[in-house]
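Read in order, the letters of the sequence shown are residues 49 to 353 in this note's numbering.
Label pairs and their in silico Cβ distance ranges: (1) 319 x 81: 44 to 50 Å; (2) 151 x 78: 25 to 31 Å; (3) 232 x 201: 48 to 54 Å; (4) 81 x 180: 27 to 33 Å; (5) 102 x 322: 45 to 51 Å; (6) 103 x 190: 20 to 26 Å; (7) 186 x 71: 50 to 56 Å; (8) 70 x 321: 26 to 32 Å.
Note that these hints are calculated values from the structure, not bench results.
C-beta atoms are modelled at their ideal positions from N, C-alpha and C, and glycine is treated no differently.
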Amino acid sequence: MLVGGAMLCAGAALAGQWGARDEPITPLPPAPAVAPAKRALGALLFRDPRLSQRQTVSCNSCHDVATSGASDRNFDIAQNGGTLRMNTLTVFNAALNYRFNWRGRRETFERFTAQVLDDPGLMGAANGGAVARLRRDPAMVARFRRVYGRPIDEAALVDALAAYQRSLVTPGARFDRWLAGDDRALSAQERRGYARFKALGCISCHQGVNIGGNLMQRHGVFHPIGAADPVLVRVPSLRNVAATAPYFHDGSAATLPDAVRAMGRAQLDLKLSPNEVDDIVAFLGTLTGTYQGKPVRPPVPSRRP
49 MLVGGAMLCA
59 GAALAGQWGA
69 RDEPITPLPP
79 APAVAPAKRA
89 LGALLFRDPR
99 LSQRQTVSCN
109 SCHDVATSGA
119 SDRNFDIAQN
129 GGTLRMNTLT
139 VFNAALNYRF
149 NWRGRRETFE
159 RFTAQVLDDP
169 GLMGAANGGA
179 VARLRRDPAM
189 VARFRRVYGR
199 PIDEAALVDA
209 LAAYQRSLVT
219 PGARFDRWLA
229 GDDRALSAQE
239 RRGYARFKAL
249 GCISCHQGVN
259 IGGNLMQRHG
269 VFHPIGAADP
279 VLVRVPSLRN
289 VAATAPYFHD
299 GSAATLPDAV
309 RAMGRAQLDL
319 KLSPNEVDDI
329 VAFLGTLTGT
339 YQGKPVRPPV
349 PSRRP
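Please put together the full structure from these sequences, using the hints given.
Written as structure tokens, this is what we have:
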């Protein structure tokens, strides 16, 4: 519908306990297996400001994995001090999207990561600048050699970052438990919200394992919503959506109820009643998963630019 507890093994294990439901949304799979040394290297790099041209920001500056995998700003700050052109999408579960970023211009994590590193408006580390800085660090050189068996190069840098980001999966959502057959996982209002979500047509764009992320769509079909550019956006995932305000490609919806109301009007030509909004928001709250055993949570409030 939106454009803008303990870790569980989703899918097969849960289905075996309760019996899976036939729904247009499917539970998250477990995170892919990644060699521990490579994942640890990728995690270090994700937080390393030396990957940015001015060494002022890291990937984690905008994609805070201690909270929502994003930030609470309408537009994050680039390494050059300017603001980014569009709202930051969460990195959690991003590997399950069929394309990356709002414009959907990259089809693999490797290509997307390389583009982010090179883009002067993002990390600005083109022409091997990040690699050169890392090569001056003996400890980092030794880490790369243990993982890749060779000196640091751009291909290994991109590979380590991509492998780490693929591991950022957040299973354990109550909705996944309900999908697997646990009738106790959702309240009556949450189940009603899901029924409304399907009946109103939100499910036509937000379905599949990532509840979105698998097609491009025009925004503002019936009424304008957010900035006019770009006309087509890659539909974002709704997983952890209760923790990822603000919403839309321009961050123009400050709260989840605001976003639900706006989407009902813009995409469905409907003025949703307060009860409809409340029910759908309640359902969306069941899509929050866990990372490292803790529920995904909103970032600490900051001053939004």
